[in-house]
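Trainee: Input sequences plus hints: build the corresponding full structure.
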Amino acid sequence: MRVAVVRFPGSNCDADTLRALQRAGADTYYVWHRRDDLQGADAVVIPGGFAYGDYLRAGAIARFSPVMAVVQRFAATGGPVLGICNGFQILCEAGMLPGALVTNAGLRFLSHPVTVRVEAVDTPCTSAYEPGATLTLPIAHGQGRYVAPDDVLRELEAEGRVVLRYMGDNPNGSMNAIAGIANRQRNVVGMMPHPERAASAEVGESAGRGVFASLTRTSPVFGGGVR
Amino acid sequence: MPRASLLDPQGQAVDHALTALGFEGHANVRVGRALTLQLELAGADAAGAEEAVRRMCERLLANPVTEDFTISLREAP
Chain A
1 MRVAVVRFPG SNCDADTLRA LQRAGADTYY VWHRRDDLQG ADAVVIPGGF
51 AYGDYLRAGA IARFSPVMAV VQRFAATGGP VLGICNGFQI LCEAGMLPGA
101 LVTNAGLRFL SHPVTVRVEA VDTPCTSAYE PGATLTLPIA HGQGRYVAPD
151 DVLRELEAEG RVVLRYMGDN PNGSMNAIAG IANRQRNVVG MMPHPERAAS
201 AEVGESAGRG VFASLTRTSP VFGGGVR
Chain B
228 MPRASLLDPQ GQAVDHALTA LGFEGHANVR VGRALTLQLE LAGADAAGAE
278 EAVRRMCERL LANPVTEDFT ISLREAP
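Chains as they are written, first to last, in our numbering: chain A, 1 to 227; chain B, 228 to 304.
It is worth saying that the hints were derived from the structure and are not from the lab.
Beta carbons: idealized from backbone N, C-alpha and C, even for Gly.
There may be inaccurate statements among the hints.
Unchecked claim - Beta-carbon label-pair distances, calculated as ranges:
hint, chain 1, residue 1, chain 2, residue 2, range
1, A, P66, B, V258, 26 to 36 Å
2, A, P9, B, L266, 40 to 50 Å
3, A, M167, B, A247, 29 to 39 Å
4, A, V203, B, S299, 28 to 38 Å
5, B, A279, A, L56, 10 to 20 Å
6, B, L262, A, S111, 26 to 36 Å
Unchecked claim - To spell it out: a stretch of chain A is covered by chain B in this simulated footprint if at least three of its residues, at any positions, have a beta carbon under 8 Å from a beta carbon of chain B; those stretches are:
hint, segment
7, 9-15
8, 53-60
Mentor: Below, the structure is given as structure tokens:
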């Protein structure tokens with residue numbers, strides 16, 4: 001299982017993401033954002049950080065990097081793509097996921113653990129979890145409030161495409177307490193929490209491991225994930 | 228500007244700060260952003276310039292999910 005971790009100028013969760021994937025048994029490597037090939041990837045992760053310094057809007061400039069054109073083609077053929085935090089913002093800006101992530105309702109940058117529920121396990125990023133599992137995962141974002149038009153929200157809910165939902169406190173004011181979503185084909189997933197920061201015993205949290213276990217068990221074209 | 232249908236917490240914070248300073252009569256404070264750019268388009272008239280900027284807004288400068296935009300043109304000094 002070859003998993004590409006895309007690096008932009010300003011990515012800062014790339015090393016943690018690579019390590020979490022290695023621990024899950026993936027053959028994983030970095031792909032610089034100026035490249036226009038994915039070097040035989042079976043899955044792609046866009047890690048967290050502040051690509052292009054979040055200038056203009058988070059993800060607005062990164063989406064035009066050459067690598068994003070090949071990531072879009074990869075996703076269009078069913079390839080699994082995960083965007084974490086800034087990666088989620090980039091996927092929304094690129095139109096690969098609906099909606100947008102805007103400034104937290106409380107205006108503060110938030111960096112603390114949250115409780116989320118796994119609402120959908122039929123995605124390449126959550127197939128290792130039990131349906132309805134509750135996870136403690138860290139968030140670290142200033143622009144994490146998920147917003148979308150009403151018809152998009154209804155569609156996400158009706159099609160079971162809300163992948164993660166905040167439980168209890170809604171930290172950033174996201175509509176429907178959405179913490180993560182999937183595209184219609186379910187092979188592209190974005191999430192604001194950082195599973196890579198909760199994937200090793202050394203830091204005391206391991207709830208995020210399932211994300212990387214899911215990704216590494218997925219067949220190259222999503223559909224072969226086994227729980 | 229943030230779309231009217233979206234909560235604008237920055238606008239609310241500024242609204243409250245104005246009230247705290249004793250200002251009156253303000254309502255519906257919204258915080259957006261303004262970009263200025265200088266155009267040098269060979270042969271373009273005002274309509275052509277506006278169309279060029281509109282394309283920039285739609286492609287990059289504004290996010291249609293969260294922002295509305297307006298364009299105003301003036302002669303460069």
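Trainee: Now tell me, hint by hint, if it's right for this structure.
Mentor: Here's how the hints hold up against the structure:
1. A:P66 / B:V258: 26 to 36 Å: Holds - the Cβ-Cβ distance for P66 of chain A and V258 of chain B, about 34 Å, lies within 26 to 36 Å.
2. A:P9 / B:L266: 40 to 50 Å: violated (28 Å)
3. A:M167 / B:A247: 29 to 39 Å: Roughly 35 Å apart at Cβ, these two residues keep to the hinted range, so it holds.
4. A:V203 / B:S299: 28 to 38 Å: violated (51 Å)
5. B:A279 / A:L56: 10 to 20 Å: Holds, at about 18 Å.
6. B:L262 / A:S111: 26 to 36 Å: About 30 Å separates the Cβ atoms of L262 of chain B and S111 of chain A, which means 26 to 36 Å holds.
7. 9-15: It is violated: at least three residues are needed, and the segment 9-15 of chain A offers just 0 whose Cβ sits closer than 8 Å to chain B.
8. 53-60: holds (count 3)
The structure does not agree with the numbered hints 2, 4, 7 stated previously, though it agrees with the rest.
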